[in-house]
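Novice: Heads up: the sequence lines are chains A and B, in that order. Final position of the first sequence in this note's numbering is 407; the numbers increase by one with none missing. Final position of the second sequence in this note's numbering is 814; the numbers increase by one with none missing.
Just so you know, these hints were derived from the structure itself, not from any lab. Since the structure is predicted, the reported quantities are computational estimates derived from the model, not experimental observations. The reader is advised that the hints may include incorrect statements.
[Claimed, not checked] Sample of chain B residues with no beta-carbon within 12 Å of chain A, all distances over it, derived:
1. 517
2. 632
3. 773
[Claimed, not checked] Under the rule of at most 16 Å between Cα atoms (straight-line distance), these lysine to aspartate or glutamate pairs were calculated in the EDC-like manner:
4. 120(A) <-> 551(B)
5. 666(B) <-> 717(B)
6. 316(A) <-> 336(A)
7. 527(B) <-> 144(A)
8. 31(A) <-> 91(A)
9. 723(B) <-> 743(B)
10. 18(A) <-> 463(B)
11. 738(B) <-> 707(B)
12. 425(B) <-> 56(A)
13. 723(B) <-> 694(B)
14. 259(A) <-> 336(A)
15. 329(A) <-> 271(A)
The beta carbon of each residue, even a glycine, is placed where N, CA and C say it ideally should be.
Number of protein chains: 2
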Amino acid sequence: MKLIVQKFGGSSVASAQKMLNVAQRISSIRKRGTNIVVVVSAPGNMTDELITKAYEIADSPDDRELDVLLATGEQQAIALLSIALKSLGCEAISFTGPQVGIVTNGNHTKARIVRVGAKKIKSVLNQGKVVIVAGFQGVNKKQEITTLGRGGSDLTAVALAAALKADICEFYKDVDGVFTANPAIVKNAKKLSVISYDEMLEMASAGAQVLNARSVEFAKNYGIRMHVRPTFNNSEGTIVMAETTAMEKTVISGVTYNKDEAKITVRAVPDRPGIAALLFSKLGQADINVDMIIQNIGAEGKSDISFTLERENLKKGLLVVKKTARQLKAKEVLADENIAKVSVIGVGMRSHSGVAAKMFMALSKMKINIQMISTSEIKISVVVDRKDVDKAVNAIHQEFKLGRVTT
Amino acid sequence: MKLIVQKFGGSSVASAQKMLNVAQRISSIRKRGTNIVVVVSAPGNMTDELITKAYEIADSPDDRELDVLLATGEQQAIALLSIALKSLGCEAISFTGPQVGIVTNGNHTKARIVRVGAKKIKSVLNQGKVVIVAGFQGVNKKQEITTLGRGGSDLTAVALAAALKADICEFYKDVDGVFTANPAIVKNAKKLSVISYDEMLEMASAGAQVLNARSVEFAKNYGIRMHVRPTFNNSEGTIVMAETTAMEKTVISGVTYNKDEAKITVRAVPDRPGIAALLFSKLGQADINVDMIIQNIGAEGKSDISFTLERENLKKGLLVVKKTARQLKAKEVLADENIAKVSVIGVGMRSHSGVAAKMFMALSKMKINIQMISTSEIKISVVVDRKDVDKAVNAIHQEFKLGRVTT
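Given these sequences and hints, build the entire structure.
Specialist: Take a look at the structure:
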C-alpha cells in the first residue's frame, strides 16, 4: 500500500475550523486507501508565545527546560488533530517525538536526529490508523525532551519518510509551491512544477522560506521526494527531487532575496596570515552565523574584510568585531543595516556560461549598485541597498525570462 | 537530610511574577539545607481552556488524546518553574510524569497510580538539585500519556511523598489552611492547626474544596503528613495527620456545605425488594454519582425514595429516573434544584453523644426546615433550602462554639 508522510505547518492548524479542514483532507485521502503519517507543528504562534513566557521569567532561560516547554506546542497539535480525525470517523493515534522514538543528540534547542524508530508506526499503520507525530521534538539518550530548532518539523517529516521508506513526503504550506520569485514582488512569477534538491537548498539559504534547508539536505541524502503544496486547495505544488538532465535546460530556476541581513566591514587591517581565522572564530564563539564573506587586499598591504550576518545579530556582532579589530590594529569598523541579498539559482548555470554577466547587466541597467558578490556552483548572490530589492528582483526575473518558464 | 514534597496549584503559578515568587520561596528553603521535590499544576485556567479547545473540535473528544492534550499544561508549568529557579541560581530539573515513572492503569482521563519510580528522583536529589515533577499525569504500560482526573496533582504529590518517604507533603493553596467553616460565610471561623485524615476526608466529600479526597485517602493509607498552607505568606497552615486521642476532646472540627447538589424524589413506589437496587444501578450505568440516599416506607405499602446528586447531572438523572419510575409504577418523580447540604464533622462525635440533637436544635432555632438527614461515624449531613445555607452554617458554628476553638 502507498505510504505518504504529510507535514502541516502551524498556520494550517491555527483554529478549530482549520484543524477540521486538515482532518477532512487527511481523511479523504485515507479513504482512497493510502497509509498516512502526519507530522504537525505547534498551532499558530504558540512557539513564539511560549518563548516570550520563558523570557518574562528569565533573561537566559535554561535550554533543557526551554525544550520541555516548547515541545508542548506540537503535543497539543497532535492531540487536537487526532481528536478531529476521530470525530470524522477516521481512526487515528497521536505520538510525541519521545513516544515514537525520534532519538536525537543532547544538543538542547537545536538537537540533531540520530535515529528514528519505525517499528511502532508500522504496526499502527497496519491496523489501518492514521499516525500523527509531533514535529520538532525528540528524546536524547538520557530520556530528556529535545527540540530540533527552526524548521524542525519539516525535518521530522523527512526523517520519518526516510525511516518508513515513504513514497513521498508532502509539505502543506500557505503558498501554492516554489516560485521563480516571490509573487508578492514579481507579478509574473511562475510556480515551478519541479526543482532539484540543490536548487531548493540554495533557495532556502538565499532567503526563500518555503522549506527549511536542513530538511532538504536530509531529503537529498535519503532520496526522499518532497512535494510542496497548498493547504487550502487541492492543486499540485512543486516536487523537490534529484537532478535530472532535463532540469539543466533551464538556466535559472528562480530569484530570491533576503532582507534580514546586515553588513560589517573591517577596514585597513594589516595583512598577515590568520586575520580572517581570528575574526571569524571569535564570531563563531559568540554563536554568530556569518553568511557572505569577502576579503580584498588593498593599498599598503592592508586588507578590507566585509561580511554579512543576520541583522538581529548586528549589535552583538559589532561588539565582537570591534574588540578583535583593535587587536588586529584595523583602521575602522563600519556597519550597514540597510542592505539586502539578491540571488539567482539554477543547476543550469553549470552548463551555461555568462549567467553572472547577465545578472550584473540587469542590475546595471536599473542603476543598482552591487556592494558584494559571492558565487557557488549553482548560485550567484549580490548585496545591494535594501531599498533596491524589489527593482533588482524584477529586473533579474525579466532578464532571464522566468515569467515565461514552462514547467 | 530532610525531604519535603511541595505541591503548588495552578493559581500559584498563573503569571511570570507568581512563578518567580514560588521559585524564591523554594530556593530559600533549599538554601537552608532541605531536599525538595516540587509538584506543580497547570498554570491558571489552562486545563479548562484546553478542554474548551477540544470540544470546539469534537462533541466527545477521544479520551486518550484528551490526556495527550491536557498533560501539556503541567509540562509548561514544570519547565517555567525550573527556568525560574535556575535564574535565581538554584539548581533544578523538571520531569514529566512519564519521565519520572509515574505508572498508572490505562483508564484515560481518570487513571489510577499503580507505581511511582523513586530511583531517578533520589539520584538527582543527591546532586543537590530541586526536582520539579508535573502533577496530574502519568504513563500506562503501553507508554501512553494518562491523566489522573480532578485533584490529580494533589495525588501526584502524595504518591511521590510515599515513594520517597518524605518527611512531609506541603500543599500551597490560596487559603490559610483548613477552617472550622468557610470564612467567607462565618466571620469568626477559626483556622484548625491540626485535623485527622478521616475528618479531612469527610470535609472534602462534604464540600470543602481545600484538598482532594483521593489524595487524603492515599496519604492516610501511607501515613503521609499533609500540611495545607498559604502560598503568599509564610504562616503555618493546617496539618492533616493520623487521629490522636487529643483530637477527640474537640467534638466538632468544622461545618461544611455544598451548594452544588440537587434532589430527586420518587414518590409512592409499590414497596418490594430490589427497587432501590434497580434505580441506583440504572443511575450508575449512566455514570451519575449519587450522594445522600433516603428511603421511607409510607402508607399502603408504598415507599418514597429521595437522593441527592450533582446539580449538573440533574437533567440526565431525571431522564433515567423517570424511565425507571414508570417501570416501577411509581406515582411521580419530583426534582428540587434549590437545595444545599450542610454537614458537621468531627472524630469527637464518636465519644460525645447528642451531637445530632444539638445540630438540629441550632437549625430549629433559626426556623430552618430539614429535608433529609444522613449520618456517618464522624459526620452528620442535612439537606436544607439553598437560601438558608449561610444562616444554617453560622447557627451550627455558633451552637458548637467553634469560633472559640483553641488549636
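Novice: Take the hints in turn and mark each one as holding or not.
Specialist: Hints, verified against the model:
no. : hint              : verdict
1   : 517               : holds (17 Å)
2   : 632               : holds (30 Å)
3   : 773               : holds (51 Å)
4   : 120(A) <-> 551(B) : holds (12 Å)
5   : 666(B) <-> 717(B) : holds (9 Å)
6   : 316(A) <-> 336(A) : holds (14 Å)
7   : 527(B) <-> 144(A) : holds (12 Å)
8   : 31(A) <-> 91(A)   : holds (11 Å)
9   : 723(B) <-> 743(B) : holds (14 Å)
10  : 18(A) <-> 463(B)  : holds (11 Å)
11  : 738(B) <-> 707(B) : holds (13 Å)
12  : 425(B) <-> 56(A)  : holds (11 Å)
13  : 723(B) <-> 694(B) : holds (10 Å)
14  : 259(A) <-> 336(A) : holds (12 Å)
15  : 329(A) <-> 271(A) : holds (10 Å)
Violation of the numbered hints given earlier is absent; every hint is satisfied by the structure.
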